[in-house]
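Participant: Chains as they are written, first to last, in the numbering used here: chain A, 1 to 296; chain B, 1 to 506; chain C, 1 to 343; chain D, 1 to 328.
Do not take every clue at face value.
Chain D stretches covered by chain C per the calculated footprint, using a threshold of three residues with CB under 8 Å from any CB of chain C [stated by the list, open to error]: (1) 43-55; (2) 132-144; (3) 166-180; (4) 302-309.
Restricting the straight-line Cα-Cα distance to at most 30 Å, the calculated cross-link-like pairs of lysine-lysine (DSSO-like) are [unchecked claim]: (5) B/K343 / C/K71; (6) C/K71 / B/K369; (7) B/K396 / C/K71; (8) D/K156 / A/K79; (9) D/K156 / A/K42.
Facing chain D, from chain B, some residues (calculated, C-beta under 10 Å) [claimed, not checked]: (10) T53; (11) A78; (12) Y87; (13) R155.
Honestly, the hints are just simulated from the structure, not real lab data.
Just so you know, even glycine gets a beta-carbon here, dropped at the ideal spot from N, CA and C.
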Amino acid sequence: DMTVGFSQIGSESGWRAAETTLTKQQAEERGIDLKFADAQQKQENQIKAVRSFIAQGVDAILLAPVVATGWDQVLGEAKDAEIPVVLLDRTVDAPDDLYLTAVTSDLVHEGNVAGQWLVDAVGDKQCNVVELQGTTGSSPAIDRKKGFEEAISGHDNVKIVRSQTGDFTRTKGKEVMESFLKAENGGKDICALYAHNDDMAVGAIQAIKEAGLKPGSDILVVSIDAVPDIFQAMANGEANATVELTPNMAGPAFDALEKYKADGTMPPKWIQTESKLYTQKDDPMKVYEEKKNLGY
Amino acid sequence: MSDEPLLSARAITKSFLGMKALDRVDFTLHAGEVHALLGENGAGKSTLIKVLTGAYRRDGGEIRLDGRPIDPKDVTDAQELGIGTVYQEVNLLPNLTVAENLFLGREPRRFGLVDARAMNRRSREILREYGLGIDPSALLASFSVAVRQIVAIARAVDLSGKVLILDEPTASLDAAEVDTLFEIVRSLRDRGLGIVFITHFFDQVFRIADRVTVLRNGQLVGTRPIDALKRIDLVSMMLGRELSEEESHRAPSAEGEGGAPLVRFTNYGKRGHVEPFDLTIRRGEVVGVAGLLGSGRTETAELLFGIEQPDSGTAELDGEKLTLASPRQAIAHGFGFCPEDRKLDGIVDDLSVRENIVLALQARQGWAKPLPRAEQEAIADRYIQALDIRTTDREKPVKFLSGGNQQKVILARWLATNPRFLILDEPTRGIDVGAHAEIIRLIEKLCAEGMSLLVISSELEELVVYSNRVLVLSDRRHIAELSGEAVTTSAVMKAIAAHDPEEAAA
Amino acid sequence: MTQRLLPGLARLAPQLVALAVILALCAAISPGFFDVSVQNGRLYGSIIDVLNRGAPVALLAIGMTLVIATKGIDLSVGAVMAITGAVAAAMITSGYGIVLTLAGALGVGVLCGLWNGALVAVLAIQPIIATLILMVAGRGIAQLITEGVILTFNDPTLIFFGSGHIFGVPMPILLWIMLGALVVLVVRTSALGMLIEAVGTNRRASMLAGVGTTFLLFSVYAASGLCAGVAGIIAAADIRGADANNAGLWLELDAILAVVIGGTSLLGGRFSIIGSLIGAMIIQSVNTGILLSGFPPEFNLIIKAAIIVVILVVQSPSSREAMAFFTRKREPATEPRKERAVS
Amino acid sequence: MIGSRYFPLATTFVIFLLAYALCYLQFPNMLSTRVVGNLLTDNAFLGIAAVGMTFVIISGGIDLSIGSVIAFSGVFLAVSMGDWGVPPVLAFALLLAIATGFGAVMGAMIHYLAMPAFIVTLAGMFFARGMAFLISTQSVPISQPIYTAMQGIYWKMPGGGRLTFIGMVMVAVFIVGIVIAQRTRFGRYVYALGGNRQSAELMGVPVASTTIGIYALSSFLAGLSGIVFSLYTSAGYSLAAVGVELDAIAAVVIGGTLLTGGSGFVAGTFLGILIMGLIQTYIVFDGTLSSWWTKIVIGLLLFAFIALQRGLVWLSERRGGVPRGAAA
Ligand SMILES: Nc1ncnc2c1ncn2[C@@H]1O[C@H](COP(=O)(O)OP(=O)(O)OP(=O)(O)O)[C@@H](O)[C@H]1O
Ligand SMILES: Nc1ncnc2c1ncn2[C@@H]1O[C@H](COP(=O)(O)OP(=O)(O)OP(=O)(O)O)[C@@H](O)[C@H]1O
Ligand SMILES: [Mg+2]
Ligand SMILES: [Mg+2]
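Based on the sequences and whatever the hints tell you, model everything.
Facilitator: Shown next as structure tokens:
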């Protein structure tokens, strides 16, 4: 059987915890011995971990890179040691012969789906959007912003009036939303909220309610990730749409690895996961029940 | 002595927070003289020194060296001008080695790098002149206050091309060390240096000084040649009044000796600190402790006060077994301890005079029972007056007091707890004549009221005046105990000498 | 009492001035800044947000002030917030009553403080490192409790501590003001304050004077743990869930900053809890001001750094001297840098 | 008594060897040249920054800005070489000059404004990362021939381990650091300042220039560390190296330097770095710890090392009877 090293970014969010849980589950089901290394959000720790995996002589490495750049060298070392590397949930800026495949969603596309939904939802109405960005400088923040902006460009009735970082957290999401509401005439001038992840949206929803407005109707709420809590909000009519980022990246990754190990089948360089849109029509409570126990 | 002064200061003025510490003070120093700078605690001696050497910027006045005006911006400037200084508190760096302290800022270098070997070699040579056979590559922290003071002096002497300034350098030196120091000072004087010397010991002034300058309350009282000066005149210059009790001698009182035992230590000791000893202290008795540097006096006190734990022996108070696991416990039993190193172990420098005085009392009462503010103020005022602590007000942070006044504040802290057994380690260090007499009188009064005292002092004259008994220590061992009529300076010297003839001969 | 209060306020003048200037800037950026209305029976407005959002840092700053006064520092408070929030969420969701939950969470906070106290007072580990241990491990412990997810709860009483209000005043505001007042009262009417200052100024001398230094060190770290506990509960209640990953993240730095801005020296000794609370409000005003300004988030850090520098420069002893110099021409009372040389 | 000064250093070394032996017993692979090479390479940037931190801490200060300076350096290099077309060597020189100047300004503020280092460098931390954001929020790859060339310099040890260029740079920085600390006047001044600022001033130590020099040195090394980090990752990223200052402080303290200032050794910091690296390597080799247990175990091991060290020092103090004042 196989020993696989998994270098995870950290445990900064529920989504990430779910990804870790699912990876462990998948490994167990397949009888894979998984070596797990948590990098505490630091690229240097991930590089260290990958090097240690190489030194230990694992059979394959899963890497969820914290940032796209800076992997050439260590991936080169893995290649020299003939250890296949599979990238999870984000790709890297490196020649693609340095890794076996990348199992990721398309972050820009996610933003695009969210933006598209909003454009469709408001039709021709004038709509001022406030945006809760992810951590300044992180790739999901940059790409989800880009995708969303692409989707609304050309629709002059929809425009972003305020945009601040909420650090991907509920607390900051709530705090920033509070100030958005004050700055925009008590929220009366805001038509929609776009949050780079669900956690910030959940925080912002509370802020909207405390300001005496109705999230979901007075202010539309669209966000990304599809964590269980947002489905509860959708079921209550307080959130409108979310774009799923599946935490099960490891399944396809292990499939590819097993095939490769068995007979050398090269998988495609990019295995894209679906960016599924959920709205209030999709029976949110049912999805919530399904997702509840996935380790989010 | 040439006519042109080596160093002259004119109309020096310096104030702190509106209070004038120096008020148009003039001062001249000739080449080849030892000039004693005298004055009560807080008179402004240290401040004058600091102004002269650039440690403080002056508010007004003019300083000339060799007739040229100088304006040292910091101590480095003064050092470059050839002025070496030992400031009042031992101002060396315990975390550096002895050699590094001696050569800080002017290390011998080879190929641009510090040459530690040469530095240690030269340090050893320098220190040998002071009779100090210590390893210069050891950390200064591993030596006692006295040793540090000698190192500080050696550094300043080595730095001083023209002027050497010593601010109370002898406070914790014993007689032999003082002799060595004076020999060096004399030879420097003969080489043409000007030496400024601050002390509270009159004997030393008359032994070594050529002229004296007296300050009082930040003002110049006068400068006189020593030959034409009587001791009593000097005292009145300093105090601005006559001091009658200054020479008060006291025959050890009989009641003290006869009092019932208060504390008894049997076979008390700690390996590596003090060898086991027996000691009984009676009510109303003053026990003096004499010995050379590093003989283990302070360490004895630390054992008695529970700072260090003994590894042998027992202690009894009023016939009952007693454990002294911490100063806190000792204090609970009515002990008190004025430490030798007031800066490190004594004052709490940011707190006010009042808070420093009530600290031990409050600590003993516990945090939940605060002394009412009015009571604190009353206590503080009482001791400020009783000990003549010079401060503009009781809420002044104690760090702004002069050295001697800080010492009195610590004494007041312990007196305020009304202790049964008080240990004083060098209580008169840095205290002026007036206060000195005051403190000795106080000691006597306290014993008369039944308090027992253990006093450590390097001044044998002083010690024999008030002690009923004197313990003599050497090499961390209690080697002799003198009592009654036998308590005399020469007997104490002999006792020390009996153990270590070489040192006592000096 | 009043005689002593007035000079106290005078000492806080620079902090108050800084706060006033920042608030004025905020009002210039966002015209409705000082408007307060009532929304759902609850006071509502930007200025209320400052008081409300500043609660965690204000609470942490209370304990931190005491710790810093003893010449210590407590880097673990952010992690302790995460732990106590997690404990509260875990207990309330597994059916313990609100009373037990609160007691449990606060108890854990105090326990964390005692652990820090033990390392500092008994093992004599340097405070920064001693508390760094819990800073690193504590978040792990919190995540262990929540298993890395946001543990949501719906208990209305617990939520009340985050978003409830009494007479329209949000609970967090009441809590930090009350806890602050309580601690000031305890510390200043007992001898604790003076003894803490003594220990922080000269620990050895205090020990020799019979001050129970060990007890005091344990107390201040425990107090810091308790304050972090309250802050943790508020943070969790605010978002109705314990976010072990992010609750209190980097707040220890803000709390330390608040204490320093408030005029308490990192070298220990004299302290002012009221000053620290004002410091916390200054920091929060800056944060809220930045959010209201509409600048892109890339500028946040630069603005914050610039404001900190300006505040500190204005407060630094040297520039106070310089100002005194310019206002009272030619009467240089003291030489600042040299004064320090003897202190 | 003679050795007491070096005792903490010796203790740390013994602890490191013991810990390594324990790791080896559990995972024989730990004693390969690969692991040893990785310890040097992976910790190169941290080590270089920690040398600067050692000076700062010995002088009684602290520098919280180094992580941000590292991030700024990376972004500056990437953008200046990539977008602005600055030649690499010039970019390096420019960066080191900027970093040094930045440190000097912080040092000057600390000295002349009498502000605590903690706060000044905290503002510096915000500022440097803020500047990095302003230059670029995205991670910018660096593709310069000189980078490839430097990355290609290594000595392949028997057993497959590599002693890389950046590993060697770190070792060199440590050696220079030791010489500066122990054998130069500046080094003595740093210790003097940490021992007692006022005494140092009264003994003629140029306090202002020394303080400025210390923080300039620290930022210079942080800049150098940034260069090394950019070599390590071939990129500049404004979110890189968050919290490195805490790692550096921990390494310095584990290496036996007192945060109160005045005592410690640059060589000790090297041991501290190795110990921290060892902890991480061990955790990865183990591979069974969840995210949270990773944090808890790091904390516990940190505690174990420090407690062990304290215990040994305490024992020796009891035995040797280090006199009072020694701890001051
Ligand atoms: N930094 C300071 N700030 C405020 N006041 C000060 C400061 N330094 C000294 N003083 C005050 O200046 C006066 C003179 O002090 P100074 O230290 O010069 O006295 P001194 O003659 O050396 O006394 P002693 O014999 O006790 O050492 C004292 O009243 C003291 O309180
Ligand atoms: N001349 C010396 N040479 C070497 N070491 C010394 C010398 N004098 C003192 N020491 C060291 O200083 C330590 C302090 O001893 P201790 O303080 O008990 O002595 P003391 O009798 O109180 O002297 P002091 O008058 O200096 O306070 C001793 O353990 C000793 O190691
Ligand atoms: Mg003096
Ligand atoms: Mg002594």
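Participant: Against this structure, judge whether each hint is valid.
Facilitator: Hints, verified against the model:
no.: 1; hint: 43-55; verdict: violated (count 0)
no.: 2; hint: 132-144; verdict: holds (count 3)
no.: 3; hint: 166-180; verdict: violated (count 0)
no.: 4; hint: 302-309; verdict: holds (count 4)
no.: 5; hint: B/K343 / C/K71; verdict: 18 Å, holds
no.: 6; hint: C/K71 / B/K369; verdict: 24 Å, holds
no.: 7; hint: B/K396 / C/K71; verdict: 22 Å, holds
no.: 8; hint: D/K156 / A/K79; verdict: 16 Å, holds
no.: 9; hint: D/K156 / A/K42; verdict: 27 Å, holds
no.: 10; hint: T53; verdict: 9 Å, holds
no.: 11; hint: A78; verdict: 8 Å, holds
no.: 12; hint: Y87; verdict: 5 Å, holds
no.: 13; hint: R155; verdict: 8 Å, holds
Figure legend: structure checked against the earlier numbered hints; hints not met, in rising order: 1, 3.
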